[in-house]
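Each chain, letter by letter, is given below.
Protein chains: 2
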Amino acid sequence: MQTHQTINPQSTFRALADPTRRDILLLLRAKDLSIAEVAGNFDMTRAAVKKHLRVLEEGRLISVTPQGRERINHLEPAALKAVSDWVSFFDEFWDARLTALSSAIAKDWNPE
Amino acid sequence: MQTHQTINPQSTFRALADPTRRDILLLLRAKDLSIAEVAGNFDMTRAAVKKHLRVLEEGRLISVTPQGRERINHLEPAALKAVSDWVSFFDEFWDARLTALSSAIAKDWNPE
DNA sequence: AACTTAAGAAACCTTTTGGTATTACGTCCT
DNA sequence: AGGACGTAATACCAAAAGGTTTCTTAAGTT
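Protein sequence lines, in the order shown, are assigned to chains C and Y. Each residue of the first sequence is one higher than the last, beginning at 1 in the UniProt record's numbering. Each residue of the second sequence is one higher than the last, beginning at 1 in the UniProt record's numbering.
Derived by calculation from the structure, the hints in this document are not laboratory data. From a predicted model like this one, the values you see are computed outputs, not experimental measurements. We treat Cβ as the ideally placed atom computed from N, Cα and C, and that holds for glycine. Heads up, some of the hints might be wrong.
[Unchecked claim] Under 7 angstroms between C-beta atoms, here's a sample of chain Y residues computed to sit facing chain C:
#1 Gln-10
#2 Phe-13
#3 Arg-14
#4 Ala-17
#5 Pro-19
#6 Leu-27
#7 Val-55
#8 Val-64
#9 Ile-72
#10 Ala-78
#11 Ser-84
#12 Phe-90
#13 Phe-93
#14 Trp-94
Throw the hints in and build the complete structure from the sequences for me.
Okay, structure coming up:
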C-alpha cells in the first residue's frame, strides 16, 4: 500500500498563479532542464527564473537534483493531482456527464 | 452549435491562488449568497471580502446580480474548465490510465 | 420622516511578489 | 594554476496584494 501524504494545496495553487511559472512547467514536460536552460526561454535574468523555480519547488511541482555544477529541474506532476482533486469538487456543477463517468470508472478500477 | 469563447486563464488562476477565495467558492456551491452573508463566514471585514469577490468576478468564477440593495453572488464553475484543461496537459505524466479512459469515453460521446 | 442596513468608494498601511544588480563560491576545462 | 561557467546569496526596488478604516449612497423598515 502506498502511503499517500496529504498535503495542503496552498503552495501549489500559489505557484500556478504566475504565467511564467506555468510556462516553465509546460517546458519541463519535454525534458529536464538546468536553470540556465530554463532561463534561455524567457526574457528575464537567471536570478528571476531561479526564484520562480524555487516557488515551483515549494509547490512540489518540480524537483531539483544537483548534477555537477548544474541543477537539473524535473517536472513533478503529482502535485497537480491536488489541484485536479480540488477542481473536481465542482464537477457536478459544470458537467454532470463527467461525474457520472468517473464514478463508473472508479468501480472498475477498485474491485476490492 | 455553442460558440465557446476561449479566454486566457490568467485571471482565473490568480483568483484561485488565495485560500479565502477558494473557500468562498466552496461556500457558493450550496447556494447564492449576498456579500454580507459571505462575509459572515470569515474573520475579516466586509470590505476585504468584497475585494475577494471582485477578484473572483474578474476570474469569471462568480457572477454578481443586484437584487434590491443586495448583491447576490453566484458560482460560475465554467471558468474551472479552463483550469481543468490546463492541468490535463500533464495527464499523461501522472496517470496514464486516466488518459486512456477519457479518450475511450470521448469516442462514445462524440459519435459524429 | 427617521432609522437601519447593504453595499460602494477611497485613502491608507504592511507584507509579498517579481524583478534587478552585484558579489561570492564551486565545478569544469585547458 | 588559471579562467570560464553555473549557480547561490544578498541587497535593493517598484508594484501588487491583502487588509483596515472612514465616509457616502441607496434601499428597506417602522
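Q. Which numbered hints turn out to be false for this structure?
A. 6, 7, 8 and 9
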